[in-house]
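**Q** Straight run, no breaks: the sequence shown in my numbering ends on number 376.
Think of the hints as simulated: they come from the structure by calculation, not from any bench. Predicted model, so just to flag it, every value in this text is computed and none were measured. Hints are not guaranteed to be accurate.
Pairwise CB distance ranges, derived in the manner of DEER restraints [stated by the list, open to error]:
| # | residue 1 | residue 2 | range |
| --- | --- | --- | --- |
| 1 | 221 | 126 | 31 to 39 angstroms |
| 2 | 92 | 249 | 27 to 35 angstroms |
| 3 | 36 | 116 | 33 to 41 angstroms |
In silico lysine to any residue, SDA-like type, Cα no more than 20 angstroms apart, as pairs [to be verified]:
| # | residue 1 | residue 2 |
| --- | --- | --- |
| 4 | 47 | 140 |
| 5 | 47 | 24 |
| 6 | 375 | 91 |
| 7 | 225 | 235 |
| 8 | 47 | 169 |
| 9 | 47 | 121 |
| 10 | 375 | 169 |
| 11 | 225 | 169 |
Quick reminder that beta carbons are idealized off the backbone N, C-alpha and C, glycines included.
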Amino acid sequence: MTYRLSVIGLLALLLLIAGCTEEINAPSSPVSGHEGTLVPVADAFALAMNPGDVGSAYYVYKPYGYTEDGNPFPVVYMLHGYGGDENYFPIVFGLKEAVDEKIALGELEPMVLVFPNGKTPLGGGFYTDSDYLGGTATFAQHILDVIAEVEAGYNVSTDAATKGIAGASMGGYGALSLAMDNPGMFGFVGVNSAPLAFWGTRTLDPADMTYTGIEELLPTILAQTGYDPATDTPEDYQTKMDPSVGPPTSMMFAMAAAFSPTDAANPGPTSHGTYGVDLPIGLDGEIYMPVWSRWMERDILNRVVNPDPAINDAASFATFDLYMSVGLEDDLGLYGAHQVLEGTLTAVGFPPAVSIYYEGVNDVFGVIPAGHVEHTLPQFLLMLEWFDTKF
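Given the sequences, and given the hints that come with them, work out the whole structure.
**A** Below you can see the structure in the form of structure tokens.
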């Protein structure tokens, strides 16, 4: 059953618990003496992807009361968003302290949380195995390796019934993609503000809203880079299309590294010589289909509706419960992506267990919009509370 929840009241309650400050993601102090432990684990893969980043690690959060014997602890693997690293959830958004407090107050059962590092110089590998960097950019396999290490070294569940994966933005895409690729590994999947549908002109609810996927970002990318298809040359395309201008252009480059790395033996007109990726924007400023078709092979929505049995993974949704949440004012328009995927999954018989579209909130500093990251902490606390009811 799908529950379309109005969470304004729950968010307000979480804000009161966490402390009403302008920094929505800053929790109050944990209950003294009941803090969990955040253990850094050296991560050779992350270091190889980010040379010189000597701090490359993943974190294992051991809750207060953790022991190496007895019943295994429920575990959730939490994948950070674009531009983040292992610090994204536990430190930047304060999830470690917030979970400490929830456990101390009896509002969450003790659980182990694992925070991998999916960072790259382009911002992130989208938790996808790619031929980028000579085939070494195996970000999906890296998460599976982290899971194997954690299961071998900590008292955590290996049973899907008490094992979840969750993520924000890029991490939400990665969490769902990994669950689809490995049916039966996770019992629960949580996604927040994630690019779950790259394409598709669809009428949304309300009916005056439409969603055309990444095509919506084309004018922004062209304006951001200054590339003018009417007057610029192919050489201009190479110099102006550059990730240094920031998101969403930089995110496009990161996705291209994951989904369409350049084949050095067969470069195309949108192959970027400096970064070794094939971009999905043609020299004419429109979607370039030879590259776009490669992206579509890893598009979550396409993997649900494509009739090709080599691509269609819709049946994998029968193996886990799906929790989805997104803000109604998401900066990247991902409200539409969530709604399109929810409707499609419902139509094929695999509706999400929970689907939340949340609004902004008022606090003493004014309105906090329901954008891409403003509600990360309260939304993931809600998600973990729901996971807890299923463990």
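**Q** The structure should be examined with respect to each hint, and the outcome stated for every one.
**A** Hint check:
{"no.": "1", "hint": "221 - 126: 31 to 39 angstroms", "in the structure": "holds, 38 angstroms"}
{"no.": "2", "hint": "92 - 249: 27 to 35 angstroms", "in the structure": "violated, 53 angstroms"}
{"no.": "3", "hint": "36 - 116: 33 to 41 angstroms", "in the structure": "violated, 19 angstroms"}
{"no.": "4", "hint": "47 - 140", "in the structure": "holds, 10 angstroms"}
{"no.": "5", "hint": "47 - 24", "in the structure": "holds, 8 angstroms"}
{"no.": "6", "hint": "375 - 91", "in the structure": "holds, 16 angstroms"}
{"no.": "7", "hint": "225 - 235", "in the structure": "holds, 12 angstroms"}
{"no.": "8", "hint": "47 - 169", "in the structure": "violated, 25 angstroms"}
{"no.": "9", "hint": "47 - 121", "in the structure": "violated, 31 angstroms"}
{"no.": "10", "hint": "375 - 169", "in the structure": "holds, 16 angstroms"}
{"no.": "11", "hint": "225 - 169", "in the structure": "violated, 45 angstroms"}
Violated hints for the displayed structure, listed by number in ascending order: 2, 3, 8, 9, 11.
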